[in-house]
Structure formats: structure tokens, C-alpha cells
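Participant: Same order as they appear, the protein sequences are chains A and B. Going by this note's numbering, the letters in the first sequence line up with residues 1388 to 1606, in that order. Going by this note's numbering, the letters in the second sequence line up with residues 1388 to 1606, in that order.
Rather than coming from a laboratory, the hints here were simulated on the basis of the structure. Keep in mind the model is a prediction, meaning the values are calculated, not measured. Be a bit skeptical, because a hint or two may be false.
Some chain B residues judged to face chain A by a derived CB distance under 7 Å, without partners named [unchecked claim]:
#1 Ala1424
#2 Val1564
#3 Thr1571
Between beta-carbon pairs, the in silico distance windows are [said to hold, decoys possible]:
#4 Glu1524/A to Glu1524/B: 40 to 46 Å
#5 Asp1397/B to Ala1497/A: 36 to 42 Å
#6 Arg1434/B to Asp1542/A: 45 to 51 Å
#7 Glu1516/B to Arg1549/A: 47 to 53 Å
#8 Ala1497/A to Val1539/B: 31 to 37 Å
#9 Tyr1392/B to Glu1565/A: 34 to 40 Å
#10 Leu1456/B to Tyr1562/A: 58 to 64 Å
#11 Leu1456/B to Arg1408/A: 42 to 48 Å
#12 Arg1549/B to Leu1556/A: 23 to 29 Å
#13 Asp1545/B to Asp1437/A: 20 to 26 Å
#14 Pro1532/B to Pro1532/A: 47 to 53 Å
#15 Leu1426/B to Arg1549/A: 20 to 26 Å
#16 Glu1394/A to Glu1524/B: 39 to 45 Å
Ideal Cβ placement from N, Cα and C applies to all residues, glycine included.
Number of protein chains: 2
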Amino acid sequence: MRTAYHEQLDAFDGALVEMTRLVGAAMTSATESILDADLGKAEAVIRGDDAIDAVAADLEDQSMQLVALQAPVATDLRVLMSGLRISASLERMGDLAVHVAKATRLRYPASAVPAELREVIIEMGHVAERIVERTGEVLANRDVPGAAGLAVIDDEMDRLHREMFAIVLSPMWTYGVEAAIDATLISRYYERFADHAVTIGKRVIHIVTGEPYNAGLVD
Amino acid sequence: MRTAYHEQLDAFDGALVEMTRLVGAAMTSATESILDADLGKAEAVIRGDDAIDAVAADLEDQSMQLVALQAPVATDLRVLMSGLRISASLERMGDLAVHVAKATRLRYPASAVPAELREVIIEMGHVAERIVERTGEVLANRDVPGAAGLAVIDDEMDRLHREMFAIVLSPMWTYGVEAAIDATLISRYYERFADHAVTIGKRVIHIVTGEPYNAGLVD
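Excised from the complex, chain A in its bound form (with noise of 0.2 Å):
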């Protein structure tokens, strides 16, 4: 029989799950609004952070409430001390995206993004996209084949970060360094998001495993 305490668990993960759609449909509205120097669309996600963090806070009181009212132990105490974390890498990956949207704004009505650079770009925000989809999924079925599985989709950001900084780098950027310090940063964002999921999938492996989590093989 399902106890309110189990569902009061269950709950939690949902809202774990829940934190990955809004941070994904952030990154993409983000990449949207620098591709197409859409004001409007940047501003929303800068607006839209607020119900991530909210969110966030909200996990926070639950999983207190619960580990002081139900004393949880081994899983569920793992999935309510882990989740706190998990919620907080979720709620950076907001913030990561809310960065790329102030690029688009701090440039307003130029494009933050040269021609050249556009590829790229799309590029990560469909890896981006995978990414925090794949962790969604992993979270949800506690899936740690996928879990370490997100390391691989990592790989392709690093690629195209350094993809990146070789077009602004060659003999052909003609940009200067303003839009070169642009391109670092904001690429830099999209790297960023793609390793917070990678410390979610760790965490998920932690929460499944009971191995201790393993921080330095992150960065």
C-alpha cells in the first residue's frame, strides 16, 4: 500500500523531473532568442527564472519536512539529500541559461552571434537540448546505464566549445575582441549547463548505488 509519505516521495522526484523541462525549455528559448537576437524571447526567460527558483526553494522545505518528520533512511534519505543537490545544479542551469539570454539583451538590436559563429551555436543548443532531456529521463527511471551515458553527450559540447574558440581564434575572425569575449562567454554557458547534468547523473548513480558521489571526476 502507498503510504502519503510515499507519495510525498514520489512528488519530490516529479518535481525533480519537472525542474529538468523548465530548465530545457529555458535553454532553448535562450539559444532562440541569441540566434535570432529576439528580445522578447530573452526576456521571458530572464522573467521565467523566477518559477525555476521557486521551485528549487520549494524542494528544499519538502525534503526538510520529510527528513525531519519520517527520519528516512538509506534510499530515501539518499534520494532526499542528493536531491537537494540535484535541485541545485538544476536551478544553476537556469541561471546558465538566463546568462545567455542577457547576452542577446546586452546586445540588443545587433546580434550577439557572427555568422560564423551561428553553427556552433545551434549546435549546442541541440546538445543542450539532449542533454537535459537524457537527464530528465534518468531521473525519472533512476537509469544509471543512461546516468553515465551522459558524459558521452558532454563530450560533444567540450567539441564544439573548442570548436568554438578555433573559429574565433583563426585568421579569419574579423569580429574583434569584443565579440570574441561574447562567443567565450556564452559558450562557456552552454559548457557549464551540459557538466551540471553530468554531476545529476553521478548524483543518480550515488542515489541508486549508495557509492559515494565522486565530485573530482567532474571537472
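Starting from the structure of chain A, add chain B where the hints point.
Facilitator: Relative to the frame of chain A, chain B by itself:
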């Protein structure tokens, strides 16, 4: 009378303070490595990060065990659950020191810092030292006004971050795009280092007052 449980809680707090000392020392060495193009110092910072990660992993174990065995409530529970996230911030601050050290290594035997940027990097290093030292005091004393004061030190870091952009974008900048990208990333590592200190301050306020933690204010 002090119980073994309270001694464990004190040890948990003490380990967090010790982590501030470790990441502070790492950032100080990283700053010296980048100013002096000192490869040995950079390598020591990179190697030393394992010790910081080990303290973080140990804190995670301790908090799980204390929560599972002692079923703490109210402030004690907040200390343990917020402590987990404080430890994650400190671990990340250690990573940022490593990133600075890796910038040293990447450009060695050349310097990653042109003469025009020396002064701003020296100041960023000082602000990083100050904010992490204050963070240790705030943690040790659960100092709420001190915690709020970390944002003032962070403002100083943000000012230096903007100053760095002004130098790199001025017509006097003759070092080209690659040096500008290095400077952008290095400066961002210091800026994020200080952001994490502010986040820790907010967590300390949450521990003391029980008021909800507000992530939104940090970004």
C-alpha cells in the same frame, strides 16, 4: 553536557571552516602561479584539489550518517542539510582555483597575464582571499551580519571584473584575441569564486534564522 552527537556536529562545522582555509590557500597559490608564470605552483594547486574533494566527500558521509542515526530537527537539521550545499560551493571554489592554475599551465613558459592586467589580477586575488577568509569566520561564528556583508566584498570583485573588460576592450589592448579570451575566463573564475562565497553567506543566514534560502538574489 556535550554528547558525542554534539561533538560530531561541531566536527562537521569545523570541517567546513577547514575547507574555506583549503580553498583560500588554493586560490592564493593559483593567483601567484598566474602572476609569476610558476608552473610548479600551478601543478601543486591542480594536484591539491583531490584533498579538497576528499573533505567534501567525507562531509557528505558524515551528514548522511548524522541525519540517519540522530534524526536531528530544527537548527541541527539545517546545519547538516545546508552544510552539504555549503560544502558543494566550497568544492566548486576549489575547482575555480584549479581553473586559474590550469590557465597558468596552458600558457607556460609564457605568462597568461599581460602587464596591463597584472594590477587587476593582483586585486582580484586579494579580494578572493578576503572574501574566503570572511566566509570562514561567518561559518565559524554563524555571523548573520557578516554573512550579509560578503555581498559588499563581492561588489568589489564585480567592479574588478568590469575593469578587466574595460582594459581588454580599450584601443590600447595590443595582445589580440587569444589573450583577451584568457583574461575573460580567468576573470570569470575569480568572479564566480566570490559568488559562491555570497551563496554560502545566504546559507548561513538560513541556518541561523530558518528563513527560506533565496537563490534568486545571488545571480
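Participant: State for each hint whether it applies.
Facilitator: Status of each hint after checking the structure:
1. Ala1424: Hint violated; Ala1424/B Cβ to chain A Cβ min 21 Å, cut 7 Å.
2. Val1564: This interface hint holds because 5 Å falls under the 7 Å limit.
3. Thr1571: For Thr1571/B, the interface hint holds, since the closest Cβ of chain A sits about 5 Å away, which is under 7 Å.
4. Glu1524/A to Glu1524/B: 40 to 46 Å: holds, 44 Å
5. Asp1397/B to Ala1497/A: 36 to 42 Å: violated, 56 Å
6. Arg1434/B to Asp1542/A: 45 to 51 Å: The hint (45 to 51 Å, Cβ to Cβ) is violated, given that Arg1434/B and Asp1542/A are roughly 24 Å apart.
7. Glu1516/B to Arg1549/A: 47 to 53 Å: violated, 32 Å
8. Ala1497/A to Val1539/B: 31 to 37 Å: With Cβ atoms ~34 Å apart, the hint holds.
9. Tyr1392/B to Glu1565/A: 34 to 40 Å: violated, 57 Å
10. Leu1456/B to Tyr1562/A: 58 to 64 Å: holds, 59 Å
11. Leu1456/B to Arg1408/A: 42 to 48 Å: violated, 36 Å
12. Arg1549/B to Leu1556/A: 23 to 29 Å: holds, 24 Å
13. Asp1545/B to Asp1437/A: 20 to 26 Å: holds, 22 Å
14. Pro1532/B to Pro1532/A: 47 to 53 Å: holds, 49 Å
15. Leu1426/B to Arg1549/A: 20 to 26 Å: This hint holds: roughly 23 Å between Cβ atoms.
16. Glu1394/A to Glu1524/B: 39 to 45 Å: holds, 43 Å
Violated hints, listed in ascending order, are 1, 5, 6, 7, 9 and 11; each of the other numbered hints is respected by the structure.
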